[in-house]
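Once you've looked at the hints, dock chains P and Y against the given chain H.
So you can see what is in the structure, the chains are spelled out below.
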Amino acid sequence: MKYELQPAMPPPSNLIGVVGWLRKNLFNGPFNSVATIVVGFFLISFMVPVIQWIFIDSDWVGDSRDACNSGGACWVFIISRLDQFLYGFYPEAELWRLQLAFILLIGSIVWLVMPQTPKKGLVAVWLLVIYPVVAFFLLYGNSFGLIQVETHLWGGLSLTLVLAVVGIVASLPLGIVLALGRQSEMPIVRSVCVIFIEIWRGVPLITVLFMASVMLPLFFPEGMSFDKLLRALIGITLFQSAYMAEVIRGGLQAIPKGQYEAADALGLGYWQKMILIIMPQALKLMIPGIVNTFIALFKDTSLVLIIGLFDLLAIGQAANQDPKWIGYSTESYLFVALMFWVFCFSMSRYSQQLERKLHTGHGNRA
Amino acid sequence: MKKTLISAATLMVAMTGTAMAGTLETVKERGAVQCGVTSGVPGFSVPDDKGNWKGLDVDLCRAVAAAVLGDASKVKFVPLNAKERFTALVSGEVDVLSRVTTWTQTRDTQLGINFAGVNYYDGQGFLVKNELGLKSVKELDGATVCVQSGTTTELNMADYFRAEGISYTPVVFDTNDQAAQAFDSGRCDSFTTDLSQAAGLRTRMQDPSAVGALPEVISKEPLGPVVRQGDDTWFNIVKWSHNAMLNAEELGITSANVDKMKAESTNPNVKRLVGLDGPKGKGMDLADDWAYQIVKQVGNYGEAYERNVGKGSPLGLDRGLNALWNQGGLQYAPPMR
Amino acid sequence: MSSDISNSSHKPDGGPVQPKSPPTDKTKFWNDPKKRSLLFQVLLLSALGFVFYTIIDNTLTNLEQRGITTGFDFLTSEAGFGIAMSLIDYTEASSYGMTFLVGLLNTILIAVMGIFAATILGFILGVARLSDNWLISKFATFYIEIFRNIPLLLQIFFWYFAVLRTLPHPRQSIEFLGSFINNRGFIFPAPVAEDGFGLVVFGFIAAVLGSWIISRWSAKRQERTGQQFPVFLASIGLIVGVPLILFLLSGMPMGLEHPELKGFNFRGGITVIPELIALWLALSIYTAAFIAETVRAGILAVSHGQTEAASALGISKGKTLRLIVIPQAMRVVIPPLTSQYLNLTKNSSLATAIGYPDLVNVFAGTTLNQTGQAIEVIAMTMAVYLTLSLLTSFFMNWYNARIQLTER
Chain H
1 MKYELQPAMP PPSNLIGVVG WLRKNLFNGP FNSVATIVVG FFLISFMVPV IQWIFIDSDW
61 VGDSRDACNS GGACWVFIIS RLDQFLYGFY PEAELWRLQL AFILLIGSIV WLVMPQTPKK
121 GLVAVWLLVI YPVVAFFLLY GNSFGLIQVE THLWGGLSLT LVLAVVGIVA SLPLGIVLAL
181 GRQSEMPIVR SVCVIFIEIW RGVPLITVLF MASVMLPLFF PEGMSFDKLL RALIGITLFQ
241 SAYMAEVIRG GLQAIPKGQY EAADALGLGY WQKMILIIMP QALKLMIPGI VNTFIALFKD
301 TSLVLIIGLF DLLAIGQAAN QDPKWIGYST ESYLFVALMF WVFCFSMSRY SQQLERKLHT
361 GHGNRA
Chain P
1 MKKTLISAAT LMVAMTGTAM AGTLETVKER GAVQCGVTSG VPGFSVPDDK GNWKGLDVDL
61 CRAVAAAVLG DASKVKFVPL NAKERFTALV SGEVDVLSRV TTWTQTRDTQ LGINFAGVNY
121 YDGQGFLVKN ELGLKSVKEL DGATVCVQSG TTTELNMADY FRAEGISYTP VVFDTNDQAA
181 QAFDSGRCDS FTTDLSQAAG LRTRMQDPSA VGALPEVISK EPLGPVVRQG DDTWFNIVKW
241 SHNAMLNAEE LGITSANVDK MKAESTNPNV KRLVGLDGPK GKGMDLADDW AYQIVKQVGN
301 YGEAYERNVG KGSPLGLDRG LNALWNQGGL QYAPPMR
Chain Y
1 MSSDISNSSH KPDGGPVQPK SPPTDKTKFW NDPKKRSLLF QVLLLSALGF VFYTIIDNTL
61 TNLEQRGITT GFDFLTSEAG FGIAMSLIDY TEASSYGMTF LVGLLNTILI AVMGIFAATI
121 LGFILGVARL SDNWLISKFA TFYIEIFRNI PLLLQIFFWY FAVLRTLPHP RQSIEFLGSF
181 INNRGFIFPA PVAEDGFGLV VFGFIAAVLG SWIISRWSAK RQERTGQQFP VFLASIGLIV
241 GVPLILFLLS GMPMGLEHPE LKGFNFRGGI TVIPELIALW LALSIYTAAF IAETVRAGIL
301 AVSHGQTEAA SALGISKGKT LRLIVIPQAM RVVIPPLTSQ YLNLTKNSSL ATAIGYPDLV
361 NVFAGTTLNQ TGQAIEVIAM TMAVYLTLSL LTSFFMNWYN ARIQLTER
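One line per chain: the protein sequences are H, P and Y, in this order. Per the working numbering, residue 1 is the first one in the first sequence, and the count goes up by one each step. Per the working numbering, residue 1 is the first one in the second sequence, and the count goes up by one each step. Per the working numbering, residue 1 is the first one in the third sequence, and the count goes up by one each step.
If we strip away everything but chain H, and leave its shape as in the complex, we get (with noise of 0.2 Å):
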């Protein structure tokens, strides 16, 4: 009699390698093999002809629509009018401009994602503070020797980027404002900000676009008149501000009533409370809160061509009326969807990581 442990027989062939995996995964029970199969069959007959389509029999090189006739994608009429895509009108001279503002975001944006960078709080507060004022003269000129650049001719990514940074960068701080204000214990102060956050949050912000494109010339004084762009923002502003203030109010009501009652037995007053004590920790917490917020505004932009101002969506549609390049609207959307997709993609991935990381921080959330 041996009384040793035998050694592990390797497992059965059917349930390691390619078949085991499959088995494991595609063909446990019979629904689920059943639904595999259709499935696949959809995705696979699906798939083949939309990959074929976008890669295999698409034109990528040429200058007109001559050069698009394999039949599959016609990416030439997305290459030739690239600038347009990204720079709108912006005068070609000028790109330079716009150019280095996109990098310069860029390039704090990185700063501030990847962990290991130094003086985090000081980029922050180049990129909200100081960057926006650089940008502003940067694209609209008309100072320091460079030339105007009218608003008009703003379009593409980097309206859509200039419409969506400002809207956030803006109504951050009257949203912390209005969230400090929700949760004062004056009942005036309390109600006004309720209603204005539950007035914006209530209406759809196409409402507000019109309102701010047609009525609020009418609100102020006669003479007095704003650049189509600057009304399309305050109207972005304050509605984003509502959506920011519910935001930060998560972030402060997620920092344990501990903190708010040591801060005020070591007697420090509400603004020095609020600086030094809260502020830091649920900062912290919102800023997946703003990103996901960022994110849903990055989308909502594109609503701006409404109103007539040209937006990476509305400068696809422009292209796609273009009667040299008439019948490649897809690969138009299939493009802007793709710019879209690439940034509010990579943004909600951040955001998500970040919550996993913020998650082992504060345990202690009810």
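All clues stand as given, with none of them false.
DSSO-like mimics (lysine-lysine), calculated; alpha carbons at most 30 Å apart, straight line:
{"hint": "1", "chain 1": "H", "residue 1": "Lys273", "chain 2": "Y", "residue 2": "Lys35"}
{"hint": "2", "chain 1": "H", "residue 1": "Lys119", "chain 2": "H", "residue 2": "Lys284"}
{"hint": "3", "chain 1": "P", "residue 1": "Lys280", "chain 2": "P", "residue 2": "Lys76"}
{"hint": "4", "chain 1": "P", "residue 1": "Lys54", "chain 2": "H", "residue 2": "Lys324"}
{"hint": "5", "chain 1": "P", "residue 1": "Lys129", "chain 2": "P", "residue 2": "Lys311"}
{"hint": "6", "chain 1": "H", "residue 1": "Lys357", "chain 2": "H", "residue 2": "Lys257"}
{"hint": "7", "chain 1": "Y", "residue 1": "Lys262", "chain 2": "P", "residue 2": "Lys135"}
{"hint": "8", "chain 1": "H", "residue 1": "Lys24", "chain 2": "Y", "residue 2": "Lys138"}
{"hint": "9", "chain 1": "H", "residue 1": "Lys357", "chain 2": "Y", "residue 2": "Lys138"}
{"hint": "10", "chain 1": "P", "residue 1": "Lys138", "chain 2": "Y", "residue 2": "Lys262"}
{"hint": "11", "chain 1": "H", "residue 1": "Lys257", "chain 2": "Y", "residue 2": "Lys35"}
{"hint": "12", "chain 1": "P", "residue 1": "Lys76", "chain 2": "H", "residue 2": "Lys324"}
{"hint": "13", "chain 1": "Y", "residue 1": "Lys34", "chain 2": "H", "residue 2": "Lys273"}
{"hint": "14", "chain 1": "P", "residue 1": "Lys129", "chain 2": "Y", "residue 2": "Lys262"}
{"hint": "15", "chain 1": "P", "residue 1": "Lys311", "chain 2": "H", "residue 2": "Lys324"}
{"hint": "16", "chain 1": "P", "residue 1": "Lys129", "chain 2": "H", "residue 2": "Lys324"}
{"hint": "17", "chain 1": "Y", "residue 1": "Lys319", "chain 2": "Y", "residue 2": "Lys138"}
{"hint": "18", "chain 1": "Y", "residue 1": "Lys317", "chain 2": "H", "residue 2": "Lys24"}
{"hint": "19", "chain 1": "Y", "residue 1": "Lys319", "chain 2": "H", "residue 2": "Lys24"}
{"hint": "20", "chain 1": "Y", "residue 1": "Lys34", "chain 2": "H", "residue 2": "Lys257"}
{"hint": "21", "chain 1": "Y", "residue 1": "Lys28", "chain 2": "H", "residue 2": "Lys273"}
{"hint": "22", "chain 1": "P", "residue 1": "Lys311", "chain 2": "P", "residue 2": "Lys262"}
Selected chain H positions facing chain Y (in silico; Cβ < 7 Å):
{"hint": "23", "residue": "Ile188"}
{"hint": "24", "residue": "Gly202"}
{"hint": "25", "residue": "Tyr333"}
Hints listed in this document are in silico derivations from the structure and should not be mistaken for laboratory results. Just so you know, even glycine gets a beta-carbon here, dropped at the ideal spot from N, CA and C.
This is chains P and Y only, laid out in the frame that chain H set:
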């Protein structure tokens, strides 16, 4: 961050100018006329590949700039859709609205605006595909019709069909471009708009030769430049810029021969127009040679017509109602004296 | 008003902090939290009042100077324009007030249709994402990540301009089962009630009432005896069966009005215009991606112990899902689900971009243009959406209070 907004606000607000009291002063101070145009109607106002605006309405704005600033290129064009055009004008975002706008009583009297003339006499018509073999609008019973929203066109069509007892389904779009495109792709059986615009939009369709207009013209559409109510000097300037172009055509003065005429002509009418005699720019606070500048830099009405919508353009429209009064048309300018 | 708060060095919450020394008459009023907060609120109110006064004053001056008419008189005057689709009787001779109603009803129609489709699709996708079938869960993930990261407006345009525009003309319609699909929409036969159809309707109402009574009775019986009754099957049988039998017995008192190609378009039948189809597809597909995430989170929120406990008690898998998991998941799912419904309703206003005659398109679009009364029109439009959203929040608060766990 708030600072940014404020600084941006000040700059942008300042840019569009203040002081409604005197549009002329504002324009001179700014050094440019702000002109509201369409976002793209071929022949009337449309930007070319390089973003230069072209068209009959555009030329009117250039004429105003030439008269006021002596330089026809000093115009800032602001593309507006039908919905926002009047608000943009009354709020001062633009100084003159030259945007295929129909002169109606309601608009003239209730919106705080004034029509400064008619630079194109138009009428509403219907485009259909030739393959349908239609002869008259009356055969459109049961048809789906594409139309731009918020225009007189939409109302005229409703009135006309109601009077004729014809049933129809309107499909309404925000811009004429969209409506034309929808018609082109087969969403509608017919597309209705002012005939001049129809001619322009037709050139953008997949096969322009497969599309034709039905004979009926169902409305009067006098299109013209619009200014804010309550600034008579500016109203006069726009009105007379248009009149100067008409008078120049009547007198046979063109951008090519204006210098020669100025130097040689003994015709008192010509001398008054080029600013050697007569009322000159007095009463409008303009330079003496304001009309000369218009003709020199922009041309007379006939020139503008031919290169933008007439035989010299893809639209190829006849002068028709827009011929001068002494050639069987309606364009009639009061004398400059 | 915002700068007032941020510039102020006041301490607005006078709450629990007690003054160090007992309050005496000597305390300066700005050190007394109560008086200070009072002062602060008065300041805020007057600032707000001033802002509103200025705005209203400016607006009135502007309106007067420009000779723009104000008031709601326009609601009774004749609209004079046509609308492509209306659920109620509307002609060009109807009033502007009617255009408001037509738009509102069309908005409600698209919202209800969208909510219905998005909920079904969203639940399927949410469950599918948690499926142990690799292909299905990856497919659901793929779907969710694609559609929720692309602007809704773009999706609407895609369906409308790139897909529905490519459909054939009415003369070459795709035909099946008496229905037609072409670039004017989806046209299907309209049911027309004939004499005796009232009996069927009556049978239906009676069946619904009956199944309600049965469910009450069976719940009581189960409480008393522990015996169960197949309520669901019985109800379905009643609700489908009774009207069907009555329908057959009374000689099928319903005709179909078949669409016919006459002249330009189909006459008769019911036409669903392509604008509605495109909007419906885009809204449902977009919102479903969000609902799927909500459902997934809800199911994940139910602790695994619950399912294990259920199976330890010998409860079948289906019943576990129906009686244990879903009721608990719903507590997590309903609040975000309601806000998704609200988002869908608000998003339906994008209809204006493709010309579906909803409230924003008809009323805040054409009516505003024709009357020029921007303030009244926009205010009415906003009030509608605001009312909807307030009603939803009231419902949510009520529901939250109702399902709140009564532990602790």
